[in-house]
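First to last, the sequence lines map onto chains A and B. Counting along the first sequence from 1, when you hit position 17 you're at 17 in our numbering, and nothing is skipped either side. In our numbering, each number is its position in the second sequence, counted from 1, plus 1000.
Honestly, the hints are just simulated from the structure, not real lab data. A couple of the hints might just be wrong.
[As the list claims (entries may be wrong)] BS3-like, lysine-lysine: derived pairs with alpha carbons at most 25 angstroms apart:
#, chain 1, residue 1, chain 2, residue 2
1, A, 12, A, 24
2, A, 24, A, 61
3, A, 12, B, 1006
4, A, 5, B, 1006
5, A, 5, A, 53
6, A, 61, A, 12
7, A, 24, A, 43
8, A, 43, A, 61
9, A, 43, B, 1006
10, B, 1145, B, 1006
11, A, 24, B, 1006
12, A, 53, A, 24
13, A, 43, A, 53
14, B, 1145, A, 43
15, A, 12, A, 43
16, A, 12, A, 53
17, B, 1145, A, 5
18, B, 1006, A, 61
19, A, 5, A, 61
Computed from a predicted structure; not experimentally measured.
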Amino acid sequence: MAKDKINNHIRKLRFEQGEMTQQKLADLCGCTRQTIIALEQEKYVPSLILAIKIARVFGNKVDDVFQLPDS
Amino acid sequence: MMTQTKIRARFGLVIWGLVATAFGLVFFLGGGPASYGDDSIRMLVAAVILAAGFIGYISMLYLTRENSNSKALIRDERDLEIARQANEIALVAVQVFVFSVCIALFLSYETAGSLPIEWMWFLAYITACFGLIAQAVATLISHNKMSGNG
Chain A
1 MAKDKINNHI RKLRFEQGEM TQQKLADLCG CTRQTIIALE QEKYVPSLIL
51 AIKIARVFGN KVDDVFQLPD S
Chain B
1001 MMTQTKIRAR FGLVIWGLVA TAFGLVFFLG GGPASYGDDS IRMLVAAVIL
1051 AAGFIGYISM LYLTRENSNS KALIRDERDL EIARQANEIA LVAVQVFVFS
1101 VCIALFLSYE TAGSLPIEWM WFLAYITACF GLIAQAVATL ISHNKMSGNG
């Protein structure tokens, strides 16, 4: 079972993008709002595909949105 | 809002919990395990209970299916990951359960030298129920671990 954890700036980036709602981001990325909530609370590690989609929505690189805790 | 995965797990737990309880009552009451194989009424009632459980479960899956007319996405990669983890846990749980029941039956009837064949009915029915209960519980646990509040 994966114990990996990944930090992210999704909440911060959402608010920088005109207070984008979780539902709006979920719709743009093709996932559920529950997944966005879980990601923001760092309770779920996204797939690479979802990570790229989220980064694209914000116009950032994946590295700018997601970081490993020790990096 | 509850996700499809969580709704199905909750309903599944209730349905198969009721089926297992009802079967346990039919199997152990009204003469006990030893007379179960000769009692066609009890066997019929048990079969009806299991069939009702499957019909109820399939109906629930149908009623909670993804609605193609709705734009709202109700299932995504996180739900698939939850399901994958739940299946792994449920498989191990069923293996341990069957092993434990078999060992318990062996120890109970070791001195008698033979085992009433009716216990095979019990093992068959209760394993079917337990597998689905274990999957539902594992789904709820995995869902809880991978969900945020909001």
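Verification of the hints:
no.	hint	verdict
1	12(A) <-> 24(A)	holds (15 angstroms)
2	24(A) <-> 61(A)	holds (20 angstroms)
3	12(A) <-> 1006(B)	violated (29 angstroms)
4	5(A) <-> 1006(B)	holds (23 angstroms)
5	5(A) <-> 53(A)	holds (19 angstroms)
6	61(A) <-> 12(A)	holds (15 angstroms)
7	24(A) <-> 43(A)	holds (20 angstroms)
8	43(A) <-> 61(A)	holds (21 angstroms)
9	43(A) <-> 1006(B)	holds (16 angstroms)
10	1145(B) <-> 1006(B)	holds (12 angstroms)
11	24(A) <-> 1006(B)	holds (22 angstroms)
12	53(A) <-> 24(A)	holds (13 angstroms)
13	43(A) <-> 53(A)	holds (19 angstroms)
14	1145(B) <-> 43(A)	holds (7 angstroms)
15	12(A) <-> 43(A)	holds (17 angstroms)
16	12(A) <-> 53(A)	holds (17 angstroms)
17	1145(B) <-> 5(A)	holds (13 angstroms)
18	1006(B) <-> 61(A)	violated (33 angstroms)
19	5(A) <-> 61(A)	holds (19 angstroms)
The structure shown violates the earlier hints numbered 3, 18.
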